[in-house]
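Chemist: Protein sequences, first through last, are from chains R and F.
With my numbering, the residue at position 14 of the first sequence is 14, and numbering never jumps.
With my numbering, the residue at position 65 of the second sequence is 65, and numbering never jumps.
Calculated directly from the structure, the hints in this document are not laboratory data.
Heads up, none of these hints are tricks.
The calculated SDA-like cross-link candidates involving lysine to any residue, where the alpha carbons are at most 25 Å apart (straight line), are:
1) Lys80(F) - Ala128(R)
2) Lys250(R) - Ser105(F)
3) Lys209(R) - Gln75(R)
4) Lys80(F) - Gly40(R)
5) Lys80(F) - Thr122(R)
6) Lys80(F) - Asn39(R)
7) Lys57(R) - Phe123(F)
8) Lys122(F) - Gln239(R)
9) Lys86(F) - Val229(R)
10) Lys122(F) - Pro59(R)
Per label pair, the in silico range of CB-to-CB distance:
11) Phe116(F) - Pro225(R): 20 to 26 Å
12) Thr96(F) - Glu139(R): 58 to 64 Å
13) Ile131(R) - Asn65(F): 55 to 61 Å
14) Pro61(R) - Asn65(F): 52 to 58 Å
15) Pro225(R) - Lys121(F): 18 to 24 Å
Pulled from the structure, derived: some chain R residues nowhere near chain F, Cβ distances all over 12 Å:
16) Ser27
17) Asp37
18) Thr80
19) Thr84
20) Phe129
21) Lys137
22) Asp143
23) Leu144
24) Val162
25) Asp164
26) Ser182
Think of the CB as a built atom: it goes at the ideal place given N, C-alpha and C, for glycine as much as any other residue.
Each chain, written out:
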Amino acid sequence: MRTHLAAAAALALFAATSGLAQSSSNSIKRTASGKPDLNGVWQSGGVSLYGEPGIAKPPPPPVNPAPKREPLPYQPWAATKSKTFTPLDDPTLRCLLPGVPRITSMPMPFEIVQTPTQIVITYESFHAFRIIPINDKLEHPDDLVPTWMGDSVARWEGDTLVVDVTGFNDKTWLSGTGSFHSDQLHVVERFQLNRDDTITYTATVTDPKVLSKPWVTGAVLRRPPNTRVEEYECIENNQDIPHMEKAESKGK
Amino acid sequence: MPKLNALLVASFGLILTALPSLAHHSFAAEYDGKELVTLTGAITKVEWTNPHMYFYIDVKDSSGNVQNWAIEGYPPNTLKRTGFSKSDLRIGDTVTVTAYRAKDSTNRVAGREVTFPDGSKKFAGPAAGGPPASPAAPYAR
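Hey, can you work out the whole structure from these sequences and the hints?
Modeler: Below, the structure is given as structure tokens:
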């Protein structure tokens, strides 16, 4: 119950925040149907977006920054378990799908294709894709089998695209080393187009089995220059695992 | 450790507060960000592949013995987008590479800066110890 109240409070906070920002985003690009136009290639970070750290000139600060990322609020037993993992346990090391919201943090581009009835996101990283029906009741199919990327449905709340994701397996990580979750993971993502042509992306993550309260993460998405989403066949020449195993066994 | 007097081995006393993201694996779990080496040799092989690009160079040690080194870099798409193209790496060209040594002590490094025969330089991979390329990547706990 406490978890649900906290989740509701977090969502209310975000609804309020996005409402405030909407009032100052009158000049955003819109589709023919009047919705904010999210179409195009986006990226949250990486050298191909921001250039060499310390060398490239950073872009102007975003008008609507993402929320400050807090540590994962694990239940005590889960915090203990989290520390038992090493980078060798990272599913993406084996080129497996990163899940949501972690995929948004990958330093590679993704493309949003928006229609009045669905949003499609094609990610360069790990060949991931999401076909997201617009469904005002946010109803998921009733035949879900747990998957790496979960099942996504979306609706527009004012000018914010809200994506509800559930139906996850328990095999992905949420962020850094050991950030495991259970099959009760539920993610609510918000995509808000800003007048500086950025998207403020936030994800509110709940998982009653392992988290003590909702965890909020996010990023500012920008348009990488002259970039199209291309092939990334991760398993092609994945040499790192044996070397990491040897390094770990040496205890260096 | 093999005799590698041909290498200029320098240690940096940096406190690694932020490690670079290679998108697919932990840098620090495989490479030592404090052991920056400089390797010079002729390119013997190029693997323009995912999840990382590799190229290989023959490096002579102080005894004149040739050892082949593997240099890991960004994924091909990232290299292309940062201006480092596949055609920059030509078999037989002698290049100089600054790089971080593998923790497993094999002849394997995470490439940083490549100096080409004409003197031009490009980055093949991230700097260890530098700030992340964005506040958003990677998500740190």
